[in-house]
Amino acid sequence: MTEHNAVRRATPHIYLWIAILILLFPILLVFIASTHTSAEILSAPMPLTPGTHMAENYTRAVLEGNKNLGASALMMMKNSLIMALGIAFGKIIVSLLASYAIVFFNFKLRNFCFWAIFITLMLPVEVRIMPTYKVISDLGLLNSYAGLILPMIVSATAVFLFRQFFMQIPREIAEASQIDGASPMQFFWRILLPMTRTPIAAMFVIQFIYGWNQYLWPLLITTKQEYYTILIGINRMLSGADVQIEWQIVMATTLLAMIPPALVVVLMQKQFVAGMTDREK
Amino acid sequence: MAQQYEFKAKYLPYLLVLPQMLIVFVFFFWPSFQGVWQSFFLQDPFGGRVIFVGLENYTRLFTDPASSYGESFRVSVAFAVCVAALSMIIALFLATQANKKIKFSSFYKTMMIWPYAVATMVAGVLWLFMFNPNVGVIAWFLKHRLGIEWQHLLNSGQAFLLVTMAASWKQISYNFVFFLAGLQSVPVDLVEAAAIDGAGPTRRFWKIIFPLLSPTTFYLLVMNLVYGFFETFPIIHQVTAGGPGKSTSILVYKVWRDGVINLDLGGSSAQSVILMIMVIGLTVVQFRFIERRVHY
Amino acid sequence: MKRLTLALLIVSMVATAAFAEPISIDFWHAMTGKNGDTVQAICDKFNATQTLYKVVPVYKGSYSDTMNAGIAAFRAKSAPAIVQVYEVGTATMMSAKGAVKPVYQLMKETKQKFDPKIYIPTITSYYSTSKGEMLSMPFNSSTSVMYYNKDAFRKAGLDPEKPPVTWPEFFEVARKLKASGMEGGFSTNWISWIQLENFSAWHNQPFGTKSNGFDGLDTELVFNTPLTVKHFETIYKLSQEKVFIYGGRENKANPLFSSGQVGMHFESIGGYANFKNTCKFEFGVARLPYYPEVADAPQNSIIGGASLWVFNGKSKDEYKGVAQFFSFLSSPEIQAFWHQNTGYLPITMAAYELTKAQGFYTTNPGPEVAIKQLLNKAPTKNSMGIRFGNFNIIREIEDQTWEDILAGKISVKAGLEKMVREGNAKLRDFERLNK
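Chains as they are written, first to last, in our numbering: chain G, 1 to 281; chain H, 282 to 577; chain U, 578 to 1012.
Just so you know, the hints here were simulated from the structure itself, not pulled from any lab data. Keep in mind the model is a prediction, meaning the values are calculated, not measured. Incorrect hints may have been included.
Claimed, not checked - Listed next, the stretches of chain H that the computed footprint assigns to chain U, with coverage defined by at least 3 CB atoms under 8 Å from CB atoms of chain U:
hint	segment
1	370-381
2	430-438
3	449-456
To be verified - Only pairs whose alpha carbons sit at most 20 Å apart, straight line, appear in this in silico SDA-like list of lysine to any residue:
hint	chain 1	residue 1	chain 2	residue 2
4	G	224	H	436
5	U	1012	H	333
6	U	819	H	358
7	U	819	H	330
8	H	382	G	5
9	H	390	G	37
10	G	108	H	299
11	H	289	G	171
12	U	829	H	390
13	U	986	H	348
14	U	1012	H	330
15	U	829	H	387
16	H	291	G	97
17	U	853	G	37
18	U	694	U	953
Glycine included, every Cβ here is placed at the ideal spot set by N, Cα and C.
Using the sequences and the accompanying hints, generate a full structural model.
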């Protein structure tokens, strides 16, 4: 590079640190709040150093939850986990099969199938919540894991990603395996799937986070505490009527809610970035 | 594609696409069809009485000033554009910084990427907690140290600013990932040649790097607009509930509010149909763009 | 002897378990905190008095969450037997003729002893037809009152035992509280319920035509009177002086009072138990202020809160259990227990007398203020209650417009006109669908 002096070298660090602090500040506040009592949080301004009630608040959040909520963070995180994993695996499996068919097979309805799937791309469930709610209720799937998961695996993002990836694979490989006498499914299992590891991992991260962070849909269809996801629990804690909000429990639960998806992103960062930006190449 | 090798099997491909097609039909086409159907009726909440009203649910949205659909539309556009602009500009700036040959760059990348994992709803809670006029640390600081009265419950400008900041804060990392990847694929020799020709860093950025980033920028623009339009519901729901007045009542929030809380199924369905048409439009634009690039 | 009793107890328990599994009755409600605990305690008591039925209370979130969950469950054919619906939803539930079983009918069919006269008329009339047939069971009834911070009154040199009685006095006191160093003078919850609906009833003025909607669906809102305009203009002016502080919709303004930022606050008497828990100062409860120039003022205030609706399509045995549970709820002891633990009003005179006899009001004068305010005079057609379809939407329009008024986007007069105009359009929609 052409810049040489020390100040110039330091500037990117300074900018990046400012950004990091802005990104971290809200989380830091949440952590501090989760170590105080409700009264301390409400006494404006709230203290900016950690308090002494951390163990107590987290124990209550994890094991009991907010008063009258009837759901502990542990239970709600289990629900969120089931939902996130269900959506991630469900979508990956279904999409892999569909894109395999669309890319590697020549069949009559191929174009129709492609467009039928494709039209769902990017269409968030938010824009058709009421009718989808009715369908789920007609199917008797309110307050069930299937009801939480199935409508969320509709969108075609994964089909699209896998299709792009499959199209880049040289067809000689497929042809060669056919000549060797392998059936299409054998080709799929033995050759294609191992090659697709990176996009699958990336899809897993994206869909896990998408599933864990779903809000509107579970808000609509979970009316039983047993099926609350952690985000719904936080919302219920904040919307209780005629009661003071127990901010310390809300904050402890909020922090807990952020940990699993953040871990997934940080631990699988490499595959995730590669997979996400792959769409662009 | 015709010259490519393809498997020949009669039933297998249908079996393979079956699960996806089932899900698409049951959870996409069926509800979409029902949405269109319901948008032609007035219905009581219990499903007892139903009156066919033709296009009235639609005409009302555009002619009845009380439905304030136009206002909601303008707010949505302004909100989506502001979120897209703010989060993309910041992300691009940070990505150019992180792309320099500096120490700890992988640490910086990790620190920029993790907010992608934060739920939009949680982002709303975080920002509300900071700016809550009663308990918020920043609201207190603004008032008692800077003399700025923070009252987003009444000041629609502040309310808009707050939801925009919350939505952008969460979106920066997504944009950062793409911009960084884009920057890394810019050929180094091209930039160095320009440097030898005497172009300064600013000039190099605008004349060489930025044009090369334009596909990424365009892709992100579409994705960010979609995010601002449709995926920010949790932030509005948590932070402002559409208020003060109707000043932050974006389209997606209005669909939910009218349908779920106000039990106006027909009106809500009509709004859903309009939104669907909009998204499909955006998708087609996006698709054309991507497909063209694929065939380069 | 002891052992024998124990053995008998076990035998009887085994016997009941073997012969009759109690019929489970789902009861969806919106009560949290102390109020939620009390609902649970009452159900436990009922379940302990008999073995045939088991009432299962389930918390479903806010009032609108609970009502919507009930409606959705009805459409999905999995409705609970009992659902708690807030007063705003009354007209909606009434219009759902096939979906609900009216309480008077339930009582008749199950041959449960039922005397509608034991209830306080101002409360039951809210939930009855014009013929006096009770459609839902009053449960947590409240009315709006003024809370004031006695410590703050002392600090401002005001007599803590003499809260302001008229609005002009009230505004003056509010200014003094602000001048004494408080953040602001007063705040209010529920702008429509307290400052429009109760305000109109308290001054014996119509909120809407047709006895506030009781006498027909072709009712119209008429609350944009010179009196309301004047009232709102004063509040707007005080908000410019930061004497009035806006704390948000519904009951979001409560922290302003409990944290001592404002000295006076309007809220439901149902918030009494909550303030007892959260306020670190002495507070008092007073009647709503009135304008002395209005001839009939003060009239009586109207109720809020919620009632219990019974869904259609349950078994005969279930209905028997529901009827028994409702009788149990209406007994003086249970009503007194509910009233004293939550602050909500007792729904029968007997429960009120019992509470008085128990000496509860000598240490807790607050709830009695509310009862007396409600019983101040025999209700007129302006103060029986409110019955409008789409009322949740109308209240939302009022909330939104009130915020626009406070933000200076629209004048008070034009704002009130807008509330009436847009509200009337929603009433016409409802009329059209329910003719």
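How the hints compare with the structure:
no., hint, in the structure
1, 370-381, "violated (count 0)"
2, 430-438, "holds (count 5)"
3, 449-456, "violated (count 0)"
4, G/224 to H/436, "37 Å, violated"
5, U/1012 to H/333, "15 Å, holds"
6, U/819 to H/358, "34 Å, violated"
7, U/819 to H/330, "49 Å, violated"
8, H/382 to G/5, "14 Å, holds"
9, H/390 to G/37, "35 Å, violated"
10, G/108 to H/299, "14 Å, holds"
11, H/289 to G/171, "14 Å, holds"
12, U/829 to H/390, "41 Å, violated"
13, U/986 to H/348, "18 Å, holds"
14, U/1012 to H/330, "10 Å, holds"
15, U/829 to H/387, "45 Å, violated"
16, H/291 to G/97, "16 Å, holds"
17, U/853 to G/37, "18 Å, holds"
18, U/694 to U/953, "19 Å, holds"
This entry does not satisfy hints 1, 3, 4, 6, 7, 9, 12, 15, going by the numbered hints stated previously.
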